[in-house]
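Protein chains: 2
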Amino acid sequence: MKKYAFSDRERPIRKIATLTTLSNGFLSVRGDPETAPSEYGTLVAGVYSYTPIFYRELVNLPRITPVYVELDGVPMLPVQGSNEFLLDAEGGTLSYKAILGSSLGELEYESLRLTHKKFKGIFALRYRLASRNAEGRLCIKHPIELDTLNVSSPPEVKVKLYKVEEVSAEGSSPSLSVRTADNAYRVLYALIVRGSPAEPKSYYTGKEVGSCYCVDVKPGSVVEGEKVVIVALSKEELEKFRGIATSESFGGLVSSHVGFWRGLWGRVGFRLYGDSALEDALVFNAFHLLQLYNEGGGEFMLPARGLHGYGYRGHVFWDSDTYSLPFYLLLEPEAARKILEYRCRCLGAAREYASSTGFRGARYPWEGVDDCREATPVEVPLDLEGSRKAFIETGRLEQHITADVAYAVDMYYEYTGDEEFMERCGLRIIFETARFWASRVELGGDGYYHIRGVIGPDEYHVGVDDSFYTNVMARYNLVLGAKYYALSQSKPGWLRVAVEEGVSREEAEGWLEVAGRVRVPCEPGGLCEEFEGYFKLKDLEVSNCFGDSCAKGLDVGSTRLVKQADVVAGLFLLRRFFDRRVLEGNYEYYLRRTTHASSLSLPMYAAMAAYLGRVEEALALLRKAASTDLEDTYGNLEDGFHVAAAAGSWMALLLGFLGLEPRGGKLVAEPRLPEGLGVELNVWFRGKLHRVEARGSEYRITEL
Amino acid sequence: MKKYAFSDRERPIRKIATLTTLSNGFLSVRGDPETAPSEYGTLVAGVYSYTPIFYRELVNLPRITPVYVELDGVPMLPVQGSNEFLLDAEGGTLSYKAILGSSLGELEYESLRLTHKKFKGIFALRYRLASRNAEGRLCIKHPIELDTLNVSSPPEVKVKLYKVEEVSAEGSSPSLSVRTADNAYRVLYALIVRGSPAEPKSYYTGKEVGSCYCVDVKPGSVVEGEKVVIVALSKEELEKFRGIATSESFGGLVSSHVGFWRGLWGRVGFRLYGDSALEDALVFNAFHLLQLYNEGGGEFMLPARGLHGYGYRGHVFWDSDTYSLPFYLLLEPEAARKILEYRCRCLGAAREYASSTGFRGARYPWEGVDDCREATPVEVPLDLEGSRKAFIETGRLEQHITADVAYAVDMYYEYTGDEEFMERCGLRIIFETARFWASRVELGGDGYYHIRGVIGPDEYHVGVDDSFYTNVMARYNLVLGAKYYALSQSKPGWLRVAVEEGVSREEAEGWLEVAGRVRVPCEPGGLCEEFEGYFKLKDLEVSNCFGDSCAKGLDVGSTRLVKQADVVAGLFLLRRFFDRRVLEGNYEYYLRRTTHASSLSLPMYAAMAAYLGRVEEALALLRKAASTDLEDTYGNLEDGFHVAAAAGSWMALLLGFLGLEPRGGKLVAEPRLPEGLGVELNVWFRGKLHRVEARGSEYRITEL
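Chains as they are written, first to last, in UniProt numbering: chain W, 1 to 704; chain A, 1 to 704.
Note that these hints are calculated values from the structure, not bench results. Since the model is a prediction, treat every value here as computed from it, not as a measurement. Take every hint as true, because none was put in to throw you off.
Chain A side only, calculated, beta carbon under 10 Å to chain W, not exhaustive: (1) 103; (2) 155; (3) 205; (4) 207.
Note that the Cβ used here is the ideal one computed from N, Cα and C, for glycine as well.
Produce the entire structure from the sequences given, and follow the hints as far as they go.
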């Protein structure tokens, strides 16, 4: 399996730290070297607090990793260019080494760290120091740092989103608890330092709680030690994990952690033959996606940038349901269910959102947080003076999210047949979202239903009418409402839900009637207009540029340039319902006009290209999509992992290249692999693991 | 002379740190122990930056004081209750001692610090450590900390208002420069550690730049060292002060500093006989007021809370001109001039402010900052959620500041006869502010000129018409305009200014005409109504309460409760123009209704009571006013020194109790001292120092 090496000779540490983030879906730690100060603390999934501008955001909790080395009081810091990182995706560990230096001399430092995939509350790190030419009193500090802040906008503004509640620095294992600023969450910590040549002493300064020991060194001396930090949301969990961490050696913790990962990878069983760089990229992406899932959690809020950084403030967008769901559905279906469990819990708030904005049913927020309310910022100050601001309309206008959630529920049911979920929640989401769209559409003088004033996936165009993507997804949502209502007639449990939700035959028929007349402006068998009036805009094509740079200096909203797959996204998701010539014609037309300024774009085009059998083109798109983070394609890697690009590249592989699809209760494939490429992996379908082996258009699916 | 002892057994360190702030008017350092972390960094007078909500604020610059002691790597922190502070007001030094402890043992720590009153760029500190029972490797770190932040509102929001530009941690004297976030100011630092038993080593971690040395200690061991930090606004200044600090011993620095202070106190020559607690309080206040003045500066921006804390963000209010000016005018007239130099520099901006709000002439901002623009916040968020906000109207409505500035200019001229200042600037301020009021008044159907929609000093009542204070001060401003125009007719230099400013005889006569008809609603020889309609409000009197608590649970704007001296302030400032019965009657009426929720209230009442000869009552008010900070009367001492209360208590003494007044070009007194109280001090008048000795109603003024 794969190991990924990074060095600060080839890229900045703040970017490497995203690539080398270790997470177990509960606790997440960026790969910043433990030997130097960093603004990045710890993230715990689901721990948000109120914050200015962004409503609520993931809290930058106390930093647990540091191992600070001082020689005769002088900090020994990593020498620039000597920082080497090795991410072991098979075992889920990060190895780090560097030269630590000061005017007093140099030491060689190396460490291994993990966030335990089985014992979620455990972060463990072992280090080894060897003096090159350093001589004197060497003190090693192992703090938990309490001065981490969330960076707001502009970045000079920081917010302290937790307060220290209790600290105990007595005895050999200091502990503390913090509360989020809004008192909604309490996070507990315990620190264990061991394996050291001298007895560690605890301390607390107000800025940090830690443990320290000192030894005399001379050239050639070696010092080894271990830092284990327990992080938990309750006293019981804290003690449980403290017990495990205390009774197991570091080697034991590594072995149970690596064993857990081996089990995961064994179930995935993935190989891609014929393109090892692509295989590397896909494994890298799968590793981070699997890391993000907390096997022990009740729901899976999947932030746009993972738990790898603070981009988008830990908010959950449509890519959780649309881009990430397929990966988990096929490789870890419980994770897919838990993505939807988050939407389930938020159904009440979605009902309130619909009603408070003048609609019926349920409306999901464009940016979701723990309390399920709309968290999209409206006005973001860009400087301290307050003279420059960004005004953001997506929260108000990017409404397709509601249809995306319903689509995901249906897809989940198709692949899993999970009756319990549907009866408890899935059906209600589908009915309530259909109801939203039925109230959202407006009947025009032309006899069509219109959806006016929205933003589609292509955010270059704001406040448009009859967005193709929005309209076809809304239409499909209405169809799903009617379909599931019809299905409910033959299932007593479902019927009860329909009754409880007050869905009548008339209402369901109404949904179908509206669906039949939602305006979807495609020429017969031909081009679809991205939104009303798009074809009247200045026609520009993308040439020799990528992303934001294509739109530079342009009033982009007045052109036909497209930020990301929009018509093509709708067509891919609903590919079964469109004629192949429509897919093909629109793919060609829009690809030429798409800047891919969003990381959601390439995977969708890759998927569509593969689906259309344009395999070489698809492969080029997939390579680029899959390496979004490894290549730092968007230049903002430091803000976190691009979850949608990673999961989207898997979606392209699974649904596009392999053509996996449930048909008549069975999983079928229709591989469209380029010459020389072969894929093997295990996928789940309806509770059973299946081995898929494909090469060219040949394939075999075997139930395991 | 006086020494002031404080201990953390009797009050929190954050409050002691205000009382023990050391400043030289350029560089200011709160009294936080150097041995423990603190959020408070350093203030440099005049160094502001843009900031959210508050427009611009004083920058919380890098913290220069820390001396951190670690025993075998474990921080040795001050033991709670062992922190003792001794502020020596005579020498301008702070002595500090504490027990530093950890689980490894205890050390006795003591230090002496100063911000050099002569060599403005020098902060110096000498410490002595004695081990009680501590044994091991003792490392002493001397960092300049680069992680200080400004606290915004709500306090969880912090702002980093400077960025590190250059750091040099090579050699024995590290240096660095930072720039304010808006690039408006550059501040340079150099660190010198000396007198230590081992050679210090420099280091830089990103969070701090420092110097450290280690020694082995055992019980009884003594370690001594010195930390000197140079702070400057230019490379030249940095090198100049570095040169002085390097060539002088610590003892030499103490001696030149103390010598400077001795000179200051010698010129003040103050004694108060018969009430040593009051004498202590007045000396304490004078010490801090004299500290705040930078003898080498070109102008004197005097923030409401001094350079002692971050309350009101370092903004400059009317108390600078109205409450503080008399103290400086009599004790340090150059400081008074420089207070007005700030207003001079801001005259252009004040013209723009008047014109942009629809008026003529010059309008001074309610809250002033370095760039002279209105810095009063409008909307202050009170929680992270954004659900609670304070809306602040004073910036828009509290307009009397403009008349207060003119009053201060006139008073300055009366006491100093400074022709150069008047010709260069003072006259212009008086003309332009008179012009403002002439355009601000509205002629009513009743034949009177009205000033509608303002806030007077009593901020309980917002948007009132014909505020007594505002109207009498505006009227006086108009009269001053006419008076100085008349004077200009016989002085060629002044005449030129009048011509340059475009003031004609007609305009000046117009001012007088308006002044004669400004509505000032007093019953003949009797009560004055604080504003139009005040007497129709619910009549409540203050009983058994003080400050904010009096207004608790009340819709205070609908009552006759008054926040601070308002009518009485206007009457005291213009006491020469009102009948004694009017002063007396209004004093009695309003005192019963005043909550003193502003620290500006008691000094004005004390001054008026003394002026009226109600000496025992006046003495009680003065004692309370003078001890505002020593007693933490307002419970917010941590936010800084209450400059107006300190200077106001001196104003009450000088103008009220001593009745000092220029009359016919001479300084006269009319002492009204209680039985048994005697006062001696030296005051400046028209460039000459005069010895004033007073006891009871007897007095002597001798030119020195």
